[in-house]
Every structure is written in C-alpha cells, then in structure tokens.
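Read off the chains here:
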Amino acid sequence: MGEHRNATREFVCIRCPLGCNITVDMEDGKIREITGNTCPRGADYVTKELTDPRRTVTSLVRIEGGELPVAPVKTAADIPKDKIGDCIKALKGIRLAAPVRIGDVAAENVCGTGVDVVVTANVGKG
Amino acid sequence: MEKDLVIIGGGPAGLAAAIAAREAGVEDLLVLERDSRLGGILNQCIHNGFGLHTFKEELTGPEYAGRYIEKVLEQKIPYKLNTMVIDLEAEESRKKVTVMNREEGLYQIEARAVILAMGCRERARGALNIPGYRPAGIYSAGTAQRYVNMEGRMPGKEIVILGSGDIGLIMARRMTLEGAKVKLVAELQPYSGGLKRNIVQCLDDFGIPLKLSHTVVDIKGKERVESVTVARVDENLKPVPGSEEEIPCDTLLLSCGLLPENELSETLGVKMNPVTGGPEVDESLETSREGVFACGNVLHVHDLVDYVSQEAAQAGKNAAAYLSGSRSGQGRGIPIRAVQGVRYTVPSSVDVSRMEETQVVRFRVGNVFRNAAIEVSCGGKILKSQKKQILAPGEMEQVILKRAELEQIEDPEEITVSVRAESRGRD
Chain A
1 MGEHRNATRE FVCIRCPLGC NITVDMEDGK IREITGNTCP RGADYVTKEL TDPRRTVTSL
61 VRIEGGELPV APVKTAADIP KDKIGDCIKA LKGIRLAAPV RIGDVAAENV CGTGVDVVVT
121 ANVGKG
Chain B
127 MEKDLVIIGG GPAGLAAAIA AREAGVEDLL VLERDSRLGG ILNQCIHNGF GLHTFKEELT
187 GPEYAGRYIE KVLEQKIPYK LNTMVIDLEA EESRKKVTVM NREEGLYQIE ARAVILAMGC
247 RERARGALNI PGYRPAGIYS AGTAQRYVNM EGRMPGKEIV ILGSGDIGLI MARRMTLEGA
307 KVKLVAELQP YSGGLKRNIV QCLDDFGIPL KLSHTVVDIK GKERVESVTV ARVDENLKPV
367 PGSEEEIPCD TLLLSCGLLP ENELSETLGV KMNPVTGGPE VDESLETSRE GVFACGNVLH
427 VHDLVDYVSQ EAAQAGKNAA AYLSGSRSGQ GRGIPIRAVQ GVRYTVPSSV DVSRMEETQV
487 VRFRVGNVFR NAAIEVSCGG KILKSQKKQI LAPGEMEQVI LKRAELEQIE DPEEITVSVR
547 AESRGRD
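Here the protein sequences come in this chain order: A and B. Counting in our numbering, the first sequence runs from 1 upward without gaps. Counting in our numbering, the second sequence runs from 127 upward without gaps.
One chain only, chain B, in its complex shape (with noise of 0.2 Å):
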C-alpha cells in the first residue's frame, strides 16, 4: 500500500493535523489509531475545561474530541482503529510504516510523508522505585481513569494518590463522587505539578488533604494493598527518618508524570531531545528525518489540548507543502537556546527564509519564577522582553518571534530565550 501521508495516532492531535492537512490539499492519507475509537486520551477526560481557547466554550475531553471527529468524519479522510504501527523505517525520503491490525494482519504501507503523533504515557512504578511488594491495587492515575470512566469499575475504596499532577487531582475528585475515600494526595516536590484551579476544585472542595514534600516509602500487602507508608522529604527529596506514616488504603494510584511515548520515533533514528524526551523540529515541526513531522505530546507534554491542536494543525499544513514541494527557503535553522531558567523550547531552530510572518516558540520553565521576565535574544540584540508576574513549571509559557525582526540581524548565530529573575520562590 502507498499513501502520501501517514498519520500515526488518531488522538487530539492526529485528528487536528489530519483535518489542517486535508484542509491544505493532501487527498491521500491516512490516520493510524491503536484503540477502538478516535479521540485518543480526550475520551476517558470526561470532566469540562477543554477548548476554551479555540472555541471560547468549556467542554469535556469527549466533547471536544467529538468536534474534530465530526470534521474527519465530514472530510472523509480516512483511517484505521484497532491497527498498531509497530515499526518505522526510512529509506531516503520513502518511509515504510509497518502495521498490524486482526482483519489484515501484518502488512507495509509506503509513505512519502509521515507525522508522529502517538501521545504519551503515564510514568510507571517502575521507574519510580518505590519498595515493598507487588499487590493489586496500584495504579497509574489514567488507568484508574480509564477503568471508572470508560469501562464503569471502580479500582478501590480507600486511595492514596502520589503525585499532584493533574490526572491525579481529577481523579482525586472523581473517586470521591463515586464514593471512595481519598485519604491523601502526597507529592515529593515542593510545589504542585497539577494547576491551581484542580487543587481548590478536585481537593479543597472535598477536605482532601495535599502534602507537598512527601512520599511514599513503603508499599504494604502481599495479594492486595494493605497500606503505603509515606514520609517527608528533604531538600535533596530524600525521605527524611522519623517522619514516616503508615495509612491504611486498598489502592495507591501514581500521578507522576508523563514521557512522550517515542518508540517509534527512535526507531527511525530522529534526533531526540533528552529534555522533552521527544523529537527535536524545526519551525516546520519537522524532525531530523525529511517529511517525518512530530506534535502533540509526543513531541512535548502539554498542559492543555487547544495547544495541542494548534501545533498540529502546524503540522498538518507544513507536512501538505513538503509534499506539493511548494516549500520555500534553503532549510538552514538557526538553533534556540533554552538558557537560564528556560528548560528547552519546540521548536529548537528557526529557519528565517522558511517561516512565516510569525513563529510560536513554546518552552518551559525550571523553577517557580515571580516578578520575572522571560527575554529572546539574537544577534546580541534583546528582541523581545516579556513581564511575568509568575512563571511555573507546571504552566507552558509561549513567545512569538516575528521573521521582520530576525530578518534584520545579519549571519545570526543563534537565538535564545532566558528568564530574567528579579525573585526566585518556590510555590
């Protein structure tokens, strides 16, 4: 089988590069989805809070999935449900997709362009390293999500939650309605991973307590959780002795973080970024190999899906012009920097000739910042410097570079993007 384009997940944002690039022109392609249903995450996020930036309402994750599923369904592009991409391989610019799903088994599909957009995954136990046995009872926060809210099953009745991200408080809040008892969500870092609205809304609302600068130690309870044991954590977050508590629980549910799920991309070989743990692009989001694109959280964690769906429509719209070969420029990226304070940035070049009028850099930062600014500079010129009375890394940030302005700084050497600290706290 050969096809102009390959989209590999057919989450939030599969679907929204999928519409851009049908929208742009692309007639033959594809999208590429593992589960049952399009919509990816979206469907199990059953609470509101989605796509107030694009379309300026409060909806739950399967409403604002169910609008970009209409468009694709309306635009009849096609795709696959229940078929899992299980290598990618590139020979000069033909990339083979192989696939396999029950109806057709194993079989190659030839591309010429290909967009990573498979998500990613919640940080398991295993690499959390945390002792005691191995009971029933523990799970990942969008599993026990998965269970409630999809298959309509509770995990437990007494919960212990680690991590205060954001899966973590909606399911903090979500077992309390089905009547089960959080007992406590305990986090190792000083401050909240999780965003302030879900910590008054998913906690304070139902008295459940958070403890910031605690773990858990222990895990006891041979054939099911009995109880975990949590301890606080120094500054180093290294349990501190004496200051462990055992709570009795059934169920421990880990909310500790997400990886872009990249096992594909690796087997391409494309440069990753060890930061992000995704592919490094371009302004066209376009990774090291030629007409392999990347958006999404398999490029870098989001905090909300209308970013998402913006970065891939970028995505979907570049991948249409390198296939009609209407492409511009030479392709000679001038790197950005992620320096002082700025953890990395997507993109991590700019390529002055190939932009358009304006490019959107998104980064994040390593610390709570406040009464900051963040500064982009280029050419030993500050072009940009932006207040911010508060910069969090639980909070992506963005700035816009104009092409006007970069067009005007001759040979540029590279581009970077700092904070400026007047007073550094922790939240």
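One chain only, chain A, in its complex shape (with noise of 0.2 Å):
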C-alpha cells in the first residue's frame, strides 16, 4: 500500500445490494477516517479491503483422456488478492488425468498460500 499511504481511496461496498459508495481516509498507511457506509459492515470490508484483501480463485486444468478437455478448479479457500495472477499462472502447467472427482487435489499449497487448489466438477474417462 505504499503508493497509498496519504491518499484517499473510493469503494463499493458489496456486502449486500445497497452498495455503499465508502471513502476512506488515509494517513501515514493507516485508516484515518472511513465515510459513506450506512452499516458497520461498510466499514468492515474496507478495513479487509485494505489490509487483506483476499478473493477465492476459480479457473480450468487441462485433462487428459477425459470426456472433456478440462477440468474446473477452485482455491479451497480464499488467498491474497495479489497472487491471484501467480496461481492462475501456477495452474497452467497442470495436467491430470481423468477420471477426476469434486474435491480431488490439483496442486497443494498454491504459490505458497498455503491453499490447496481442489477440483470442482467430476471428469470421466472418455
């Protein structure tokens, strides 16, 4: 957050339909002030936002001798925002072979997230 330590940072809260629009006042790094939200959960996300924000990652890994070509996956729980791109990345390589099964281990401790990427759909042989 570097680049942000005295700035002022706009965003859209999305923890229910109203979607607050929450500025957030920044000194020295830290939260200075946070404005716009209606509920305490407003200022709740931000505060995630801006110190850890995390995003469950979802995308493919080739199959081989599947019924299809490939197979969905997902983080089995939510990791840094900033190595989503590192762990799509790391899933590229991957391939398995088929048949595989919901909950079936794609790659252990993705970019070091220590999250396990798991398969969400079951692949026969085809």
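Do not take every clue at face value.
[Said to hold, decoys possible] Here are the simulated lysine to aspartate or glutamate pairs, EDC-like style, with alpha carbons at most 16 Å apart:
#1 B:Lys514 to B:Glu540
#2 A:Lys89 to A:Glu49
#3 B:Lys528 to B:Glu540
#4 B:Lys397 to B:Glu387
#5 A:Lys125 to B:Glu277
#6 A:Lys83 to B:Asp331
#7 A:Lys81 to B:Glu540
#8 A:Lys92 to B:Glu304
#9 A:Lys89 to B:Glu304
#10 A:Lys92 to A:Glu108
#11 A:Lys81 to B:Asp331
#12 B:Lys309 to B:Glu277
#13 B:Lys197 to B:Glu149
#14 A:Lys125 to A:Glu67
#15 A:Lys48 to B:Asp331
#16 B:Lys206 to B:Glu229
#17 B:Lys222 to B:Glu236
#18 A:Lys83 to A:Glu108
#19 A:Lys30 to A:Glu49
#20 B:Lys510 to B:Glu533
#21 B:Lys222 to B:Glu416
Simulated from the structure, these hints should not be mistaken for laboratory data. Quick caveat, the model's predicted, so the values are computed rather than measured.
Please assemble the complex out of the two chains, which come individually in their own frames, going by the hints.
In structure tokens:
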C-alpha cells in the first residue's frame, strides 16, 4: 500500500445490494476516517480490503483422456488478492489424468499460500 | 411408454423437482435432458458464490449441481441424456411428450403430470438490432463461457462486452485471467443489471472499464470482427450523435438479458405472462393446464440458484400431490396483481383453501427505489408493509403471504403487491 500512504481511497461495498460508496482517508498508511457507509459492515469491508484483501480463485486445469478437455478448479479457501495472477499461472502447467472427482487436489499449497487447489467437477474418462 | 411424471430439463430446477417429487412418493418419473450431462448451465458456471442459502457455503456451479446429481443417483431417479423434447400436447388430463434421441429415435411418452424446467436462453444479436456486418467473433457471453470453461478454447484475444449482466461480468474476469484483454463493458441502461459484488470483483479488481448509458452502434470487419463502435445514449436510450468511439477488438460478447425458453409451453397452449415470458402459475406452480407445473428460469429468470431449487422442490411436491389425488381445496384462486413499481409476481394467484400455511411470492421491481416499502394489500387492508433501503430491478424480491391472514378477509377479490416509494433514484 506504499503509494497510498496519504491517499483518499474509494470503495463500493459488496456486503449487501445497497452498494455504498465508501471513502477512506489514509494517513501514514493507516485508516484515519471511513465515510459513506450505512452500517458497520461497510467499515469492516473496507478495512479488510485495505489490510488483507482475499479472493477465492476459480479456473481450469487440463485433463488427459477425459470426456472433457478441462476440469474446473478452485482454491479451497480464499488467497491474498495479489497472488491471483501467480495462482492462475501455476495452474496453466497442470495436467491431470481422467477420471477426476470433486474434491481431488490439483495443486498443493499453491504459490506458498498454504491453500490447496481442488477439482470442482467430476470428469469421467472419454 | 407411460409415466406418472415427466420432468423436462435436468438442470438445477429439474433436479430439485425430481428429488422432491420422489421424496413425496412419486415412483414412476423420468427426467429428460438434452445435454450430455445433468446439471444444466451450472456445469459451465465454474465461479464460486452458489448455494450460500441452501448449503451455508460458497460452492462453484458444478459443485452445487453435483450435490443434487448425487441425490438423483442415490434415489435411482431415472433420467435420459442427449434427449430432446420436440413436442408437447395435452388431451384432457393426458399429456403427450414427443421425444427424440439417437438410440431410440422418435417416440411418445404419455404422462399424467409434467414439470416444465427448461430454463432460459440468452438474448441474441438478432434481438438487439445491432447494425453492421456479420463477421465471426460475436458470441453470447454464455456461449463464450461454455467454450472457455468446458471445451477449453478461447473465443478471442481483444474483447468488448455489451451488457453488464452477471454472465458478462463473470466472463470479463474469466477471459482476463485466461490472458485476453477486455477493453470495455458497455451497458445501455444507466445502471448495471449485474450484482454489485460482480462489478467489484470482476471489473474493478482487474481495472476493466464499465461505461453505463452506452451501446454498440456498429460492428466492423468482414471475416472477423475488427472493431466495434460504441456511443453514449440519451434518456430515451437513443445513441447521441458525435459521441461515437471506435474500439479495435476481435471479439464482441453479448450479455443483454435472459429469456425463458418456452416454445414447448406455447405448443401446449398454457397461458403466458408477457412480463416474465414464462407461464402464469398459481400457488401450486401449476400452469393453466391441469397437471402441468413450471419452475426455475423457464418460469421467471432468477438471480440465485438457491431460489430456483426451492421453487422447483415446491413444484415437485405439488406435482406429487396432484398425482396422488391428495390435493385439497376447490381451486379458486385470488389473483395477485403487480402494481406501482412491481413488474410481476410469481405466483399470479393464490387459492387460500389450497395454499400451505405460508406462501412465498417472488417479484421484480421496474426501477431503482431507495427508502421504499413493499406493500401487500387485500380487501382494502394492508397485510404487510416491509421497509427496504433499496430495491433494484437486478435483485429479485419476495414477500410471504400467511394463510391465517388471508382467511380473515371475506370474499377477497385480489391481492396487490406494490412499492410505496419515498424517493426514487437511478443508480
């Protein structure tokens, strides 16, 4: 967050359909003031987004000898947002042999996040 | 072939309906699916966010479908894949389902009850009237989603997306992650039709611009898309001359709304609702044809699959009651009218003698309302006034009717569902 140490940052809260436009004033890299949120969940959301933004990543891995050429996968838990790109890259090289089943581990501890990538569909032999 | 119950469609609606019907005692049933696997559109929705209401966890589409498919297998519910229903007729209370597949050819199934669960399809370019050539590179967002997520192929490298429906937003992220450059999402309306969460996590996270009140006015390229021209639209959604901007790209994705797929329902002659594009149904989710029920996106397009499953389970249960002859009541429905800001309701009538203790009524509003209230009235009495900080066309709403309350009203003529607005604004 180096470039935002004294910045004003804008967010759209996604915790409910209201979608509050929330403004955060930063001072020395710390949150000074949060405005625009209707409820405490908004403050909670932007704090998380500023300190530890995380996302569940979903993508594909290649399947050999399957009824489909690919199988969908997801990170079993959310991972830091700035690792999304690396995670996607890591998945590009993976090839699994059919059959695969929901829950099979496609990659352990992806990009050192401590989170496994797991298969999310059953793909039988082709 | 004769069956007690035929369910047309093996997507989330058909699966949940089949499981509920079996649990309610229907032994002789059959699910017909035209694709090569059960699960319907969920199979290509590999992103997460499904099932929060039903399973209290965030599943991906295939995982959500997987839970229902497992139950179907467990309960040994018969189904046929790669099987297309091509005609549906009714003679008195017998329904004739004409089906076709490669193994058995063309044949008829006589069914005592039918559940329509065919889902919906995307609005295509032809329905959008975009001028220009007809080059390769124009896809509906859902078609692109199938290519990428199930067939492992990329439809293009430089993408413009028209329409900010959820599938378009999801595909903007998906194509970006797969290495394409999504240059713009253009939305005709002054607000997005997609969920806020998707705008933030699919566009903002990747710096993809969203232009509201913009549309595609021209497509260039003879063999392949070479560019699209985008223009701002005025309040009447007409392009503003001089605001055109040409964007080089090789692919245009269309995410401009979903339409219930009701050719079969129309063949059968069930009464349709012009607003939803789906059949009119009563509290049992029964159409105007006796013993024909409808649920899921063929009835009205949902935002959340959880509600599809709930609705479909209701249809399955009601079809079972119809088949066993255990339905009570005289079948006289009180019409539910959508007025003042409410576009439609499902169901569109309710029979107090037949309804369960409570009845969910789902609906959509026609505009963005802030600090509003949803009001339900009957016989000059306000039954319910539910405050809402925000109501938006992109979010399906619901109210719950109570039988005990309706029973107290003498000769009710109609129930109305309306929005009482304190302020109206566009998002």
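Here is how each hint holds up against the structure:
The hinted pair formed by lysine 514 of chain B and glutamate 540 of chain B fails the criterion: a straight-line CA distance of about 24 Å is larger than 16 Å. Our distance criterion of 16 Å between C-alpha atoms is broken by lysine 89 of chain A and glutamate 49 of chain A, whose separation comes to about 23 Å. At roughly 15 Å between alpha-carbon atoms, lysine 528 of chain B and glutamate 540 of chain B fall within 16 Å of each other, so this suggested pair holds. Restraint check: the Cα-Cα separation between lysine 397 of chain B and glutamate 387 of chain B comes to about 14 Å, which is no more than 16 Å; the hinted pair holds.
A C-alpha spacing of about 15 Å is found between lysine 125 of chain A and glutamate 277 of chain B, which places the hinted pair at or below 16 Å, so the restraint holds. Distance hint between lysine 83 of chain A and aspartate 331 of chain B is fulfilled; the C-alpha atoms sit about 12 Å from each other, no more than 16 Å. For the hint pairing lysine 81 of chain A with glutamate 540 of chain B, the CA-to-CA distance comes to about 52 Å; that exceeds 16 Å, so the pair is violated. Between the alpha carbons of lysine 92 of chain A and glutamate 304 of chain B the distance comes to roughly 9 Å, so the proposed pair stays at or under 16 Å and holds.
For the hint pairing lysine 89 of chain A with glutamate 304 of chain B, the CA-to-CA distance comes to about 9 Å; that is within 16 Å, so the pair holds. Pair hint lysine 92 of chain A plus glutamate 108 of chain A holds up; C-alpha atoms about 14 Å apart against a cutoff of 16 Å. For a cut-off of 16 Å, the pair hint linking lysine 81 of chain A to aspartate 331 of chain B stands: about 9 Å separates their Cα positions. Between lysine 309 of chain B and glutamate 277 of chain B the alpha-carbon distance is near 24 Å, which puts this suggested pair outside the 16 Å criterion.
About 11 Å separates the Cα atoms of lysine 197 of chain B and glutamate 149 of chain B, which keeps this hinted pair within 16 Å; it holds. For the hint pairing lysine 125 of chain A with glutamate 67 of chain A, the CA-to-CA distance comes to about 5 Å; that is within 16 Å, so the pair holds. With a C-alpha separation of about 15 Å, the suggested pairing of lysine 48 of chain A with aspartate 331 of chain B holds against the 16 Å cut-off. Distance hint between lysine 206 of chain B and glutamate 229 of chain B is fulfilled; the C-alpha atoms sit about 11 Å from each other, no more than 16 Å.
For the given pair, lysine 222 of chain B sits about 5 Å from glutamate 236 of chain B by alpha-carbon distance, which is consistent with the 16 Å threshold. Among the hinted pairs, lysine 83 of chain A with glutamate 108 of chain A is consistent with the structure: their alpha-carbon atoms are about 15 Å apart, no more than 16 Å. In summary, the hint linking lysine 30 of chain A to glutamate 49 of chain A is supported, as the alpha carbons are separated by about 13 Å, within the 16 Å threshold. Restraint check: the Cα-Cα separation between lysine 510 of chain B and glutamate 533 of chain B comes to about 15 Å, which is no more than 16 Å; the hinted pair holds.
Between lysine 222 of chain B and glutamate 416 of chain B the alpha-carbon distance is near 13 Å, which keeps this suggested pair within the 16 Å criterion.
Comparing the model with each numbered hint stated earlier shows that hints 1, 2, 7 and 12 do not hold.
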